[in-house]
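Peer 1: Dock chain L with the ligands against chain E, hints included.
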Amino acid sequence: MGSEDAEDQREGGRELMTDSEVLLQQVIIGLSNGMIIALIALGYTMVYGIVELINFAHGDLFMLGAFLALTIAGALGLDAVSEGALFSWGILPMFVAAPIFCGGVNWCVDRLAYRPLRNAPRLAPLVSAIGVSFVFLNIGLLWGGLPMEVFNMGQTAAAPKDFPALVSNENLLGESDITLTISQVLVFVITVPLMIGLSVLVRFTRLGKAMRAVAQNPVAARLMGIDVDRVIGATFIIGGALGGVASVVYALYNNTIYFQMGFRVGLDAFTAAVLGGIGNLPGAVLGGLVIGMIRALTDQYIATEWTNVMVFAVLILVLIFRPAGLLGTHAQEKV
Amino acid sequence: MGGPLLKAEAIRAGYGPIEALKGLSLSVAPGEIVTLIGANGAGKSSTLLCISGIHPIRSGAIHFDGERIDKLPAHDIVKRGLVQVPEGRRIFPRLTVLENLQLGAYLRKDLDGIKNDFERVFALFPILAERRAQAGGTLSGGEQQMLAIGRAVMSKPRLLLMDEPSMGIAPVLTAKIFDTIRELNQQGLTILLVEQNAHLALQLAQRAYVLETGQIVLEGPAQELLADPRVRKSYLGEE
Ligand SMILES: Nc1ncnc2c1ncn2[C@@H]1O[C@H](COP(=O)(O)OP(=O)(O)OP(=O)(O)O)[C@@H](O)[C@H]1O
Ligand SMILES: [Mg+2]
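Chains as they are written, first to last, in this note's numbering: chain E, 1 to 335; chain L, 1 to 239.
By construction, these hints were calculated from the structure, which means they are not laboratory data.
No residue lacks a Cβ here, since even glycine has one placed at the ideal position from N, Cα and C.
Any given hint might turn out to be false.
[As the list claims (entries may be wrong)] Not the full set, but computed from the structure, chain L residues with beta-carbon under 10 Å of chain E:
| # | residue |
| --- | --- |
| 1 | S52 |
| 2 | D76 |
| 3 | R90 |
| 4 | P93 |
| 5 | G188 |
[To be verified] Derived list of chain L stretches under chain E, where covered just means 3 residues or more per stretch with a C-beta under 8 Å from a C-beta of chain E:
| # | segment |
| --- | --- |
| 6 | 68-75 |
| 7 | 97-104 |
| 8 | 124-132 |
So here's chain L without its partners, still in its complex pose:
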């Protein structure tokens, strides 16, 4: 037993001449909520895209559940239970809500399990059940975020990466979505949460990393970072 579920070691990645990640390391233990905070362009999304195998890393290593995954194609990574709710939600706009959810279960064969998870998602977000026959693109921003989370839950994740789930949605819905994240975690799901809303994220998470221009500059228990003067100044908007 023991050992982290996810471990990224000294990963470097970039876009052409731009270096987005400059030797970043982080780990997530089973059952945790870990948050990664940082300013615009710090490299948060790049980190998650590298972990999911969407963007290649130039050096370093990523292990999931003890296995090296940084050379695997994205679909093999999903198959292992490492699932992402991407930035900007990326739902399928001209597929129905139901079809979006079905695609979440694309790799699964356990029909009973899929049926249970449909019920689970509809219990988490009753609005999705109501809108099941509607095209995903016709949902409001908040509802699309729920759909993106629901779709990821349908993939039967063991680790869920979430990229700014509060982006562009009303504060009431943000609260609802953060409640859901806590609930999923209590049901046993491990979560790595990227957020701009550092205040909310640090209250929710057990541990946190602070990312600046492609490097981790601070890490520790979320409560400690919440009290850290540097964090308060740069990310919580205090003087």
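If we strip away everything but chain E, and leave its shape as in the complex, we get:
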């Protein structure tokens, strides 16, 4: 630990940062990544809360959203944002199309792959979810092989793809040693209102109350006249749409996407959902932030090869002392 490691890792020969500046920088990075993880974790936890299914395909759905965004960038001929501008307006169609696409696809997955198994033993929809995950993964591979310039004319289907820097990476703090980019601010500007909106929806609207009713007692919900299948379908749409937004934010923030990113990022998001208490919405956000922070701090102060170990060590510790997760009060805690 200490500033020496930090110096070694910094490139570009900047001024030396103080210890506290290094820490603050890692907090910014950790929270930015954490918010993206949290947005995806919400999709896992909402679906689990209402149908008690781990939707393994959710991470790969997120990946497809990013591929759609890159396709839009290619179709519109978008290039890196010009000097001085904050962002390219080309991100707007992405933020519209990706959530609609991911929400719609997620609804179809529920309709075709999960709903027919609603009364089957637990394992059946779980296996079905793994199958959907494989299908999505291979669609991603095919998609990356399309003859478009953004996909390198389909020469390298499996290779990571550059995502144009449509949001400025300029440091908002000017000459400061600490970097806070527009793309980091964008992460918060997009994710925070969505999370607030989601909690308002779940707490106060008719649909939100129906979602909680279905999660707590599906038979009673039916006896109240709630069309349970429709409410579940709506949950898949909302969870998928959040994943779609996350995919665009991720691509704009990291500037590279690849067909296996759904597994990689999805695993973090799933871990976040479990860490926070699966089925618990604030728990998913907290879990995402915790994992983002663990990653950033381990990268900085220990070594990147220990990062995954740290994430799962913390997960295991939390589950030993709080088996239901950080915010799950007991095993029944849901939406």
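Peer 2: Relative to the frame of chain E, chain L with the ligands by itself:
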């Protein structure tokens, strides 16, 4: 005019290889309180779940207000005014009392009517008004039963199915709940009441059915069944 509000004809239903209902028929006329009594496992709850569309029937037919309902999804049946207070109450434990009641009115659009019914429920069970902001799961068993009944009243029922409202609650509260059932009936609500407490149920109801292993074995005016030696022996605990 005339004709029953609810009519079940020769319904069969089961769970896998288990046959729970073996050709059961019953009817309820508008304005009546009818009770269905029977021992544990006789099929009382199964009967109500089939009527509400929660559990499918294998054969037979169920008509509500002259319309066939046994193929309809549960939410369409509620929409027609056939509402159930289920066994074990099934309130939403982590929703507030108020939210539980609001969900009772889930399908309704008549805001004035909903407001009136809130007042009606709070007049029936003042304790619910007091506890309105509390989570349903924190209520006592008796209060949860009141909440379950209140929630059903919020659905604007024309026929109310009630599955063992006295189960697991203190005798004083049972009396209070039976008074409420009578009061709701006097306000014009038709009721099909399932009970283990045959004595109370037969005193309250106008007509009764006795269910044994999935079949109706006795039926008639409640007062007659109350005097029937077989009923007295099997259900009223007399030798
Ligand atoms: N989900 C289920 N799976 C399998 N068998 C069931 C199920 N529910 C009920 N049964 C069986 O069906 C029969 C009728 O059960 P039901 O619950 O309708 O009886 P009941 O008259 O309501 O009994 P109780 O007085 O105990 O509530 C019983 O033999 C019961 O074991
Ligand atoms: Mg029963």
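Peer 1: Against which earlier hints does the structure fall short, listed by number upward?
Peer 2: Numbers 5, 8 - these are the hints that the structure violates, sorted from lowest upward.
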